[in-house]
Amino acid sequence: MTLSLSDPTWYPIASSDDLPFRHVYQGQLLGRELAVWRADDGNVNVWENRCLHRGVRLSIGINEGGELKCQYHGWRYANRSAGCTYIPAHPADAPARRIQNRTYPVREAYGLIWSAANDEQAFRPFAGAEGHDWFALRPMPVNAAPEDVLAALAGLAPDDQPADLLPGLAVRFGGTWYFVQPVDAGRAVIRGLLREQPADAVATLRHYNETLSKLRDRLERAAARKPAPEPLQPTFEKLSADLATMPDIAIPRGNTITVVVRRKWTSADGVIGFELAARNGHLPTFQPGAHIDLHLPNGMTRQYSITNGPGELMSYIIGVKQESASKGGSKVLVETVREGDLLSISEPRNNFPLRRDAVRTVLIAGGIGITPLLSMARFLDKSALPYELHYFTRAGEQVAFRGDLEALHGKVILHTGLPRAEIGTTIASALGQWSMAQHVYVCGPGPMLETVRDTATAQGWPEESIHFEYFRNDKVIDNSSAFDVELARSAMTLHVPSGKTIMEVMRDAGLTVPSSCEQGACGTCLTTVIEGEVDHQDVYLNRSEKASNTCMMTCVSRAKSARLVLDI
Amino acid sequence: MTITLYDFELSGNCYKLRLLMSILKLRYNIVPVDFYPDRQHKADWFLRLNPFGQLPVLKDDDLILSDSGAILAYLAKKYDESGQWFPNDPAVTAEVLRWHAVADDITSTASAARLALGFFYDFDIEKAQKGAHRIFRLMDEHLWFGEREGRDWLCSPDHPTTADIACFPYVMLSEEGGISRQDYPALRRWTDRVRRIPGFMVMSGIFPAGRAAEES
Ligand SMILES: N[C@@H](CCC(=O)N[C@@H](CS)C(=O)NCC(=O)O)C(=O)O
Ligand code: FES
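Protein sequences, first through last, are from chains R and L. Taken in order, the first sequence gives residues 1 to 568; the numbers are from my numbering. Taken in order, the second sequence gives residues 569 to 784; the numbers are from my numbering.
In case anyone wonders, no lab produced these hints; they're calculated from the structure. Yeah, the Cβ is synthetic: ideal placement off N, Cα and C, and Gly gets one too. A hint or two may mislead.
[Unchecked claim] Footprint (simulated), chain L over chain R, 3 or more residues, beta carbon under 8 Å:
1. 17-28
2. 64-77
3. 198-209
All chains should be built: construct the whole structure from the sequences, respecting the hints.
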């Protein structure tokens, strides 16, 4: 029998006990090295043991509970998806592209961790697996060919009880099952299971350990007399240059995902919580500060920030403000959407990325603005980074996600029912004077954002240290220009007169253009620009995105040049 | 008291002392000795401190000491008020010294392989690597059963001792000698625990472990 790199069989690759929290286990299956780690939610990750950045082994990385951090340059990867969530060399940007490490299928069962080289086969319990309280033996690595190890194990069976050879390099006799993990052509690990818990666990473990050690020594002596088999030669797919470098701009992906409303509850006076769960598998990677577009049953699209902590990908939790029923968006959600309903969401997009290199991070939330900041606080919390979260509400009953806030270890300060004047002084003292590597993040009503921005500026905070997310664009839009737009993919040239938006002109011409806020705040109408100079008027794109001149919001932004070519 | 460590930054044996002194919060001076490439540990001035021509050497006022295991015991007995790092109990003392001896075996195998690969020493690499694997196997077994029996460290007390400090560096640096620890999962978990001892410090090639689950 020769081992095949593409063997789809599920093999055990570790014991459950090998994976305590906050540890990274180093494994190998069919020649491929694996970094295996258990997240704080219990989920086991089996990944290719290479950082996508410089190929350093992830098994020497740091398990932060929800993310795995590479020891080398600190790239972080999310539990479940292995999507990259943070690149320290680009602390101010969200890794916008889908940079994702290679994952292998995984199942934890019978005290063992099982994996396979590919997902061609669904996991199936071995025959007779169900209904027993399995007891895992001490794994025994052996420097010998897996098939030789299997044959030797079969030889352990007593004469009156011949061994049963099972599919997948396994053998059974009596109440003992042995699985051979094919590490490589000349290496294996014996993983034994007893069908029942023995009376004296340690004595039993020692007994089997002794037997298997002797077997190992015999096998290794025999292997040393034979020529060593050629190790398997797995190929490592290189990350494309496109993915390995930071994009200038985050282009949203068109994909929508169907989620089910798993839970809907009143989180606070005027705030309804929604848990949107994946229908199978997990949801895409997101970074703190990210939001999703929610496509409502009435055809509208609304943006909601993800409140989750690192590596929480089984569902997204959002908070919806009850009375902001403007244009009927939240109203539909709050009044008609019920638990069990299906909704369609976009992939997460992040216009509000969190730096994780600050010596001090101040998070300021007003009302429903708590949602992105809760996520940020959770990420900082897991990495044990210092932060202060100030949460302003009009009354104590309006404090949303109270239980989640109480679970945080950082400084969380609730400011309830402060008179207007006091809000200003509270913000001023919360900020303090700026010094190196301090950052403030604010989300809330427009006037509060302005207060924080102005106060911070007055107290010496430079522009790069003030991060904010607008729910609305309050700027006065100058729509006096007139120009032509050429729609490259629709082979159409349209004239945009003063007083009309590009979006309106495109719709007049019969095109379907997705939109939501129609004031340059939400990002739904983001469009790629092929040629021409954009007159940006939105509050959605950040400065570098605007300067790149490669994209625009067609609902408010216009052209400085006589002609714009758009990728539509 | 004035402690002076004759130190080579890349030496795991010198690092053992830096590590314990960091844990015990001791202040000390460093005299760098150019072990490689200058071979100053064979220079006359150094041989007067340690005729065996080996790093590390530690001076405490007028007292001159050599051998990392001996110095670990000295520092613990003299400066560790808790009495935990080198316990007085005769049986535990014997256990600790047993592992100090293993530490020397690790030096002559895992460290030798590293010197051969990284510092161009003329050692039998394969023999050194095989020797290290033999020791790591035994350590893994000892630590694996320790986990089952409620023992987290090399010796029986429920806290680390100088035995853990003595064995740690060249286990952790073994990859530099081409010795993978993939087959020693319990040994790998123990290195996490050592790296979480309050006061732990790193050296080149030894990375920190993240925080444990309980404390975060
Ligand atoms: N048993 C001694 C061994 C020390 C040792 O091997 N030191 C190395 C440097 S890490 C050395 O000086 N080697 C030179 C030699 O042995 O000639 C100890 O633990 O201090
Ligand atoms: S190699 Fe992993 S972050 Fe650079």
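**Message:** Tell me whether the statement that chain L covers the segment 198-209 of chain R is true, taking a Cβ distance below 8 Å and needing three residues at minimum.
**Reply:** holds (count 5)
**Message:** So is the segment 64-77 of chain R in contact with chain L by the C-beta rule, three or more residues under 8 Å, or is the coverage claim wrong?
**Reply:** With 4 residues closer than 8 Å to chain L, the segment 64-77 of chain R meets the three-residue bar; holds.
**Asked** Holds or violated: the segment 17-28 of chain R covered by chain L, criterion of 3 or more residues with Cβ-Cβ distance under 8 Å?
**Response** Holds, because 10 residues of the segment 17-28 of chain R bring their Cβ atoms closer than 8 Å to Cβ atoms of chain L.
Every hint from the earlier list agrees with this structure, and none is contradicted.
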